[in-house]
Structures are given as structure tokens and as C-alpha cells.
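K.L.:
Residue-level listing of the chains:
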Amino acid sequence: MATREDIYANKIFLNAVLPLVKTIISSNEKYAKKFKNKNGIVGVSAKDPDGKVGTHYIIENGDFTVVKGPNDKCDVELEFRSIKDLNDFFAGKSKKLPKIKGWYHVGLLTATLSVLMYMAKLLSVTEPPQNDDEKDLIVKLYFSLLSTGISQLNKTGHPDVSKWVKKSPDRIFAWKVTGKPELSSYIRIKAGKSKAARGEYKRSKPFFTMRFDCTDSALGTLLGIDDMIEATITEKLIMEGAPEFGAQLGEYMLLVGSYAKGS
Amino acid sequence: MGGLTYTMLDTTNLSTAEMYGNVLCELGKEHPEIVGLSADLAKSTKIGLFAEKFPNRFFNTGIAEQNMFGIASGMAKCGLVPFVSTFAIFTSMRALDQVHTDICYQNLNVKMIATHAGLSFGQAGTTHHCTEDIAIMRSMANLKVIVPADGMETANAVVQAYETEGPVYIRINRGFDQKVYENTDYDFRIGKAHQLTDGNDLTIIACGSCVYQAIEATKILSSVDGIKARVLNMHTIKPIDREAVLKAVYETRRIITVEDHNVMGGLGSAVAEVIIESGKGCAFRKLGIPDTFSIIGLHEDLMAYYEIDTNGIVENVRKLIGLEFEEDEDWEDEV
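Residue numbers (UniProt numbering), protein chains in the order written: chain D, 1 to 263; chain W, 1 to 335.
Just so you know, the hints here were simulated from the structure itself, not pulled from any lab data. From the three backbone atoms N, C-alpha and C, an ideal C-beta is built for every residue, glycine too. It cannot be assumed that every hint is accurate.
As the list claims (entries may be wrong) - Partial list, computed: chain W residues near chain D (C-beta under 10 angstroms): (1) Ile71; (2) Lys192; (3) Gln195; (4) Gly199; (5) Asp201; (6) Leu202; (7) Val249; (8) Arg253; (9) Leu323; (10) Phe325; (11) Glu326.
As the list claims (entries may be wrong) - Under the rule of at most 25 angstroms between Cα atoms (straight-line distance), these lysine-lysine pairs were calculated in the DSS-like manner: (12) W:Lys280 to D:Lys205; (13) D:Lys261 to D:Lys202; (14) D:Lys99 to D:Lys47; (15) W:Lys280 to D:Lys190; (16) D:Lys36 to D:Lys22; (17) W:Lys247 to D:Lys180; (18) D:Lys22 to D:Lys68; (19) D:Lys190 to W:Lys319; (20) W:Lys247 to D:Lys202; (21) W:Lys319 to D:Lys166; (22) W:Lys319 to D:Lys193; (23) W:Lys319 to D:Lys205; (24) D:Lys190 to W:Lys219; (25) D:Lys163 to W:Lys43; (26) W:Lys53 to W:Lys43; (27) W:Lys280 to D:Lys202; (28) W:Lys192 to D:Lys205; (29) W:Lys219 to D:Lys205; (30) D:Lys167 to W:Lys219; (31) D:Lys163 to D:Lys101; (32) D:Lys190 to W:Lys53; (33) D:Lys205 to W:Lys247; (34) D:Lys167 to W:Lys319; (35) D:Lys166 to W:Lys219; (36) W:Lys53 to D:Lys163.
Using the sequences provided together with the hints, build the complete structure.
P.N.:
Here it is in C-alpha cells:
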């Protein structure tokens with residue numbers, strides 16, 4: 001039986017981490033090519049006494065759609081024995097492989113596994129890579145993961161996050177890198193409801209923006225290399241908005257990070 | 001806040017009108033072309049301070065406001081700079097034809113300092129309340145309309161009015177105003193709003209005595225509700241600071257205006273015109289006196305009654321925060 005903490009972590013993996021595959025494919029030509037002209041449904045799931053949980057991708061001529069929840073018509077499915085097994089695998093704490101269904105869709109399976117492995121590699125780096133495109137992609141993935149992760153924790157009823165969202169008026173919290181709007185993500189919260197989105201919020205200036213002056217500065221903070229307070233003092237990180245809201249956001253970012261790392 | 005109740009508490013400070021009278025005396029020392037006029041209200045409007053200092057440059061026309069503004073226009077034609085003071089209700093209504101045709105139409109250099117504006121002459125009743133003057137005066141071509149927040153701002157406004165060629169209307173209260181500014185040393189410019197607090201949840205745009213109330217409201221909203229409100233002191237209603245309004249629309253999405261004036265045609269309407277012309281959407285609410293003749297009472301009681309005091313602003317901000325500002329209410333399509 002999964003604990004509440006397992007469920008929070010599971011929501012992060014299923015609904016915040018696995019959707020990043022789409023981000024990788026749309027940002028990286030090499031991986032986009034692997035899915036070129038491919039069709040099918042690929043799922044990642046875990047068994048649970050309360051019902052199977054999962055996320056699946058619908059691939060139509062190489063175009064990716066991510067859908068929350070399991071799908072019983074998957075052409076390829078990576079099925080874990082339990083929620084905990086899925087969590088431990090994606091947190092890098094276990095090498096226990098899932099049951100793989102649909103071996104005969106070799107092309108779809110290998111493409112899926114290769115992009116999942118690439119995503120795991122990017123999310124587990126501890127030092128910034130040499131390649132600038134890869135640096136940008138890591139920042140984009142982290143911004144997406146954090147915004148969606150916070151929203152998922154709210155939707156799953158995490159006590160701290162849902163309390164924060166419940167009492168909030170309609171507000172936007174954003175993550176940006178100066179001069180690179182394509183990396184941006186934001187979360188909209190309003191009286192208990194939340195929604196994460198990619199890109200810039202253009203309807204108005206966000207209530208609070210965590211803005212990094214460049215990709216390296218963003219990686220410094222996101223990978224835990226730089227001290228957040230020092231980064232703020234040196235203006236690598238600019239908090240646009242009231243500082244107390246920066247502190248709140250920072251707290252929930254760390255929370256998502258702790259679930260994603262299984263700590 | 002205007003009204004007699006503060007005279008006992010604040011005897012060491014000058015009332016806003018006294019501030020005006022003193023500044024005018026200072027200007028009068030340096031600029032001999034300045035003359036003063038009033039219609040038997042020199043003492044009440046505090047232009048009497050100028051009269052005492054420069055008796056040969058002051059003219060009491062008696063209870064004849066229309067004549068007074070006509071005389072002022074003639075003086076301006078001769079190169080003098082008339083400062084004309086009477087109650088706002090008499091400036092903007094009784095003598096309106098002269099203000100319109102003799103002064104504004106000819107774009108003459110007459111400065112009108114109108115006192116006892118809004119509800120500030122509370123206990124004198126509806127006939128002496130002036131909650132229409134901003135609407136009337138801002139529709140006069142060539143005329144600049146200024147509503148200072150307190151005495152210090154009145155001092156700045158009077159000095160800059162002198163330095164600005166053409167007709168200027170400055171609207172002040174009777175009695176004392178709560179202090180917004182400790183001194184005159186801040187960036188006051190006619191036509192440029194002054195931001196007093198920062199926040200991205202909403203913007204409160206206020207003028208006159210409501211500026212102080214707005215600042216007090218932000219303290220409650222911040223500590224009780226966690227709502228961060230920006231306050232813009234929109235001291236110049238015309239020309240309005242379009243840039244500041246549009247920035248507020250973009251940055252805070254919600255705007256609430258507060259004024260001691262009818263909600264029709266005043267600050268709220270001026271702000272709304274800017275928003276509408278820009279084509280940008282935002283949640284918007286105007287606070288002021290509704291379309292009615294105001295009731296009688298002390299100024300602070302009337303402000304509470306019409307919800308333009310601190311508590312009224314707080315309650316209305318809470319309502320405004322609940323309004324939608326975007327159509328997207330699908331909270332599940334985030335993958």
C-alpha cells in the first residue's frame with residue numbers, strides 16, 4: 001500500500017517528470033527523428049490496490065500528446081509492480097526493471113527507452129554540461145518540472161502547498177532566463193486551484209518572477225551549485241516581486257526536488 | 001482627511017489651505033506679477049494670508065464670483081498672474097461660464113485654487129459639498145486639473161502651477177489633511193502620478209484625501225489578506241498619466257480608483273477612458289460618491305458612509321480580487 005509520501009512523489013513522476021519527454025522531443029532534433037512517422041500509444045504505469053496509475057503518450061506521425069492516467073490499449077507499456085517501485089526507479093534508487101509489454105513494437109520501444117534514458121541523464125547531472133543547447137534544455141526541463149510539480153502537489157492535497165494555494169488570490173509565479181523566453185514556465189494559482197504552463201505568461205506581468213540573468217546562473221541555482229542568497233546578492237538571480245513570496249516559492253521548489261530525488 | 005475634528009489633534013501643523021496661503025506669500029515675494037482674488041472668502045480659503053502681506057495686490061470682489069473670474073481674466077490679459085480662491089462649488093459651477101469663456105477659451109494664465117472640495121465641508125451640507133467639480137473642470141479645454149493629497153503636495157502644486165503657463169485648477173479640502181508626505185522633497189510633476197507603495201496584486205489609484213486612506217488600506221490588506229497593492233497618487237487628473245495607468249493594467253490586472261467625488265466623470269472615469277482606449281482588459285472598480293446628492297455629516301463619517309475610507313477600500317479590494325481577469329478556467333489541461 002502506497003503511503004501519502006509515495007503518492008506525492010508518484011504524482012511528480014507521472015504528471016511532471018514523464019511529460020518532459022515531449023519537451024525533449026520538441027527541443028532536440030535527434031530525439032524527434034527517433035519518433036518520425038511513428039504511431040502508437042506508449043504507457044508508463046504502476047499497479048496499486050486502489051487502481052492502476054500511469055501516464056501515456058499518444059504518438060501520431062511523430063507528434064506527441066501526453067495524457068494523464070493509464071491506458072489499457074497501449075502498444076508499448078512499462079508496467080511497474082507498485083507505485084513505490086516506479087518512484088524508486090525514476091529517482092535512481094532502484095534498477096528493478098518494469099514489466100515491458102509490446103516487445104514486437106521494437107521501433108517505438110527503443111525510441112521511448114532512449115528518450116527516457118536521455119531525460120534521466122539530463123535530470124541527474126550535477127555539473128552543467130559543455131553544450132549550450134543541452135544547458136538550455138536542462139533549464140527548460142527544470143522550470144517545467146518545478147511549475148508542474150508544485151501544481152501536482154497542490155492537486156494531490158499536499159498540506160503545505162494546498163494551504164498556500166487555497167488562500168491565494170489569482171496570481172502568476174514565473175521562472176525565466178533573461179533573453180530566453182522559450183525556456184520560461186509559470187504556475188497560476190487561485191483560491192485552491194492551480195495550473196502550470198510552459199512559456200511566458202503574456203496577459204500581464206506575473207505577480208512574482210524568479211529571473212536568472214543567464215542559463216549558467218539558472219543552472220547554478222537549479223543544480224544546487226550556487227547558494228541562492230549569494231546568487232541574489234550578485235544579481236545572478238533577480239526576484240521580481242515581494243521577497244517573502246520568493247521565499248515561499250523557493251520552499252516549494254525544494255519540496256518538488258526532494259520528491260523527484262526520492263530524498 | 002479634511003474636517004474640523006482634526007484641528008484639536010493637529011494644532012502644530014498647518015491646514016492644507018494654510019499651506020497654500022503661505023506658499024503663495026513666498027511666491028508673491030519673488031514674483032510681483034502675482035495677484036490674489038477672492039469673493040468674500042479670503043479667510044476661509046486662506047488667501048487672506050497673501051492679502052495681509054500684499055494688501056495692494058489683493059482684491060476682494062465681494063460675493064460676486066462671476067465678476068471675480070472675469071476680472072481675473074482681464075488681469076491675466078495684462079500680464080499679471082491671478083491666483084483666485086473661493087470654494088470649489090462656486091468656482092466650478094456658479095462662475096463656470098466665466099471660467100469657460102473668459103479664462104479657458106482664451107487659455108489665460110489664471111490659477112484657480114478651489115477649497116472646501118468634495119465632502120470636506122461635511123457639516124455645511126449638500127449645498128456646500130462639491131462632488132462634481134473634477135468632472136466639470138476636466139472637460140474644459142486648456143485647463144489642467146490637480147487634486148493634491150495633502151498640504152505638502154499642495155505646496156508643490158501651487159509652485160508648479162505658477163511655473164506652468166495657462167489656466168490651472170487646484171482642488172483642496174477644508175481643514176486638515178492626514179499627512180502623506182513629510183516634506184516637499186519628492187518627485188512631484190504635473191501630469192505624472194507618484195507611486196507610493198508597490199505590489200502586483202492590484203493597483204489603487206487615488207487622489208486627494210483618499211490617497212492617505214489607500215495607503216492605510218494597503219497595510220491591512222498586506223497583513224490580513226496577504227494582498228500586495230500598489231498605490232498611485234494620481235494628483236493630476238488632467239492631463240492624466242496614461243503611462244502609469246497602462247503600466248498598472250499590465251502589471252497588476254486589477255485597478256480600483258478612489259476619490260472624494262461623484263463616480264461619474266472624475267478620476268475613475270479618467271482612468272477608465274485610458275483603459276478603454278488602450279484596448280487592454282482588467283478587473284476594474286470605481287469608488288466614490290454614487291449618483292446622488294450627498295448626505296450631511298462630518299467628513300470622516302461621510303467618507304466611511306460612501307466607502308472611500310480605509311475600511312471601505314479594504315472591503316472593495318477584497319471584492320475586486322474575487323473578480324475574474326481571464327477567461328481560462330480550465331485547471332486540468334496543464335500537461
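K.L.:
Against this structure, judge whether each hint is valid.
P.N.:
Here's how the hints hold up against the structure:
Restraint check, W:Ile71 versus chain D: the minimum CB separation of about 51 angstroms is more than 10 angstroms; hint violated. At a threshold of 10 angstroms, the smallest CB-CB gap from W:Lys192 to chain D is about 20 angstroms, leaving the interface hint violated. The interface hint given for W:Gln195 is broken, as the beta carbon of that residue sits about 14 angstroms from the closest beta carbon of chain D, more than 10 angstroms. The criterion of a C-beta within 10 angstroms of any C-beta in chain D is met by W:Gly199, whose closest approach is roughly 7 angstroms, and the hint holds.
The restraint placing W:Asp201 at the interface with chain D holds, with a minimum CB-CB distance near 6 angstroms, inside the 10 angstroms limit. Annotation: interface hint on W:Leu202 holds; nearest CB of chain D at approximately 9 angstroms, less than 10 angstroms. Interface hint at W:Val249: satisfied, since its Cβ lies 8 angstroms from the closest Cβ of chain D, which is below the 10 angstroms cut-off. For the restraint placing W:Arg253 at the interface with chain D, the shortest Cβ-Cβ distance is roughly 4 angstroms, inside the 10 angstroms limit, so the hint holds.
For the restraint placing W:Leu323 at the interface with chain D, the shortest Cβ-Cβ distance is roughly 9 angstroms, inside the 10 angstroms limit, so the hint holds. A distance limit of 10 angstroms between C-beta atoms decides the matter here; for W:Phe325 the minimum to chain D is near 7 angstroms, and the interface restraint holds. Satisfaction of the interface hint for W:Glu326 is found here, the shortest Cβ-Cβ separation to chain D being roughly 6 angstroms, below the 10 angstroms cut-off. In summary, the hint linking W:Lys280 to D:Lys205 is supported, as the alpha carbons are separated by about 13 angstroms, within the 25 angstroms threshold.
Distance restraint check for D:Lys261 and D:Lys202: the Cα-Cα separation of roughly 32 angstroms exceeds the 25 angstroms cut-off, and the hinted pair is therefore not satisfied. The straight-line distance between the Cα atoms of D:Lys99 and D:Lys47 is roughly 11 angstroms, inside the 25 angstroms bound, and the hint therefore holds. Only pairs whose Cα atoms come within 25 angstroms are accepted, and W:Lys280 paired with D:Lys190 is accepted, the gap being roughly 22 angstroms. Of the pairs offered as hints, the one joining D:Lys36 and D:Lys22 holds, with about 13 angstroms between alpha carbons and a cut-off of 25 angstroms not exceeded.
A threshold of 25 angstroms between alpha carbons decides the hint, and for W:Lys247 with D:Lys180 the separation of about 23 angstroms falls inside it, so the pair holds. Pair hint D:Lys22 plus D:Lys68 holds up; C-alpha atoms about 13 angstroms apart against a cutoff of 25 angstroms. Using a Cα cut-off of 25 angstroms, the hinted pair D:Lys190 and W:Lys319 holds, with the two alpha carbons roughly 14 angstroms apart. For the hint pairing W:Lys247 with D:Lys202, the CA-to-CA distance comes to about 14 angstroms; that is within 25 angstroms, so the pair holds.
For the suggested pair W:Lys319 and D:Lys166, the alpha carbons sit about 17 angstroms apart, so the restraint of at most 25 angstroms is met. Among the hinted pairs, W:Lys319 with D:Lys193 is consistent with the structure: their alpha-carbon atoms are about 18 angstroms apart, no more than 25 angstroms. Among the hinted pairs, W:Lys319 with D:Lys205 is consistent with the structure: their alpha-carbon atoms are about 21 angstroms apart, no more than 25 angstroms. Taking the CA atoms of D:Lys190 and W:Lys219, the gap is near 22 angstroms; set against the 25 angstroms cutoff, the hint holds.
The suggested pairing of D:Lys163 with W:Lys43 is violated, with an alpha-carbon distance near 59 angstroms, which exceeds 25 angstroms. A distance of roughly 13 angstroms separates the Cα atoms of W:Lys53 and W:Lys43; the hinted pair therefore holds under the 25 angstroms criterion. Annotation: proposed proximity of W:Lys280 to D:Lys202 holds, straight-line Cα distance about 12 angstroms (limit 25 angstroms). Proposed proximity of W:Lys192 and D:Lys205 is supported: the alpha carbons are some 22 angstroms apart, at most 25 angstroms.
Of the supplied pair hints, the one linking W:Lys219 and D:Lys205 holds, its CA atoms being roughly 23 angstroms apart against a limit of 25 angstroms. Distance restraint check for D:Lys167 and W:Lys219: the Cα-Cα separation of roughly 18 angstroms lies within the 25 angstroms cut-off, and the hinted pair is therefore satisfied. Pair hint D:Lys163 plus D:Lys101 does not hold up; C-alpha atoms about 40 angstroms apart against a cutoff of 25 angstroms. For the hint linking D:Lys190 to W:Lys53, the alpha-carbon distance of about 61 angstroms lies beyond 25 angstroms, and the restraint is violated.
Annotation: proposed proximity of D:Lys205 to W:Lys247 holds, straight-line Cα distance about 9 angstroms (limit 25 angstroms). As the CA atoms of D:Lys167 and W:Lys319 are separated by approximately 14 angstroms, the hinted pair is consistent with the 25 angstroms bound. Our distance criterion of 25 angstroms between C-alpha atoms is met by D:Lys166 and W:Lys219, whose separation comes to about 22 angstroms. Proximity of W:Lys53 to D:Lys163 is assessed by CA-CA distance (about 65 angstroms); at most 25 angstroms being required, the pair is judged violated.
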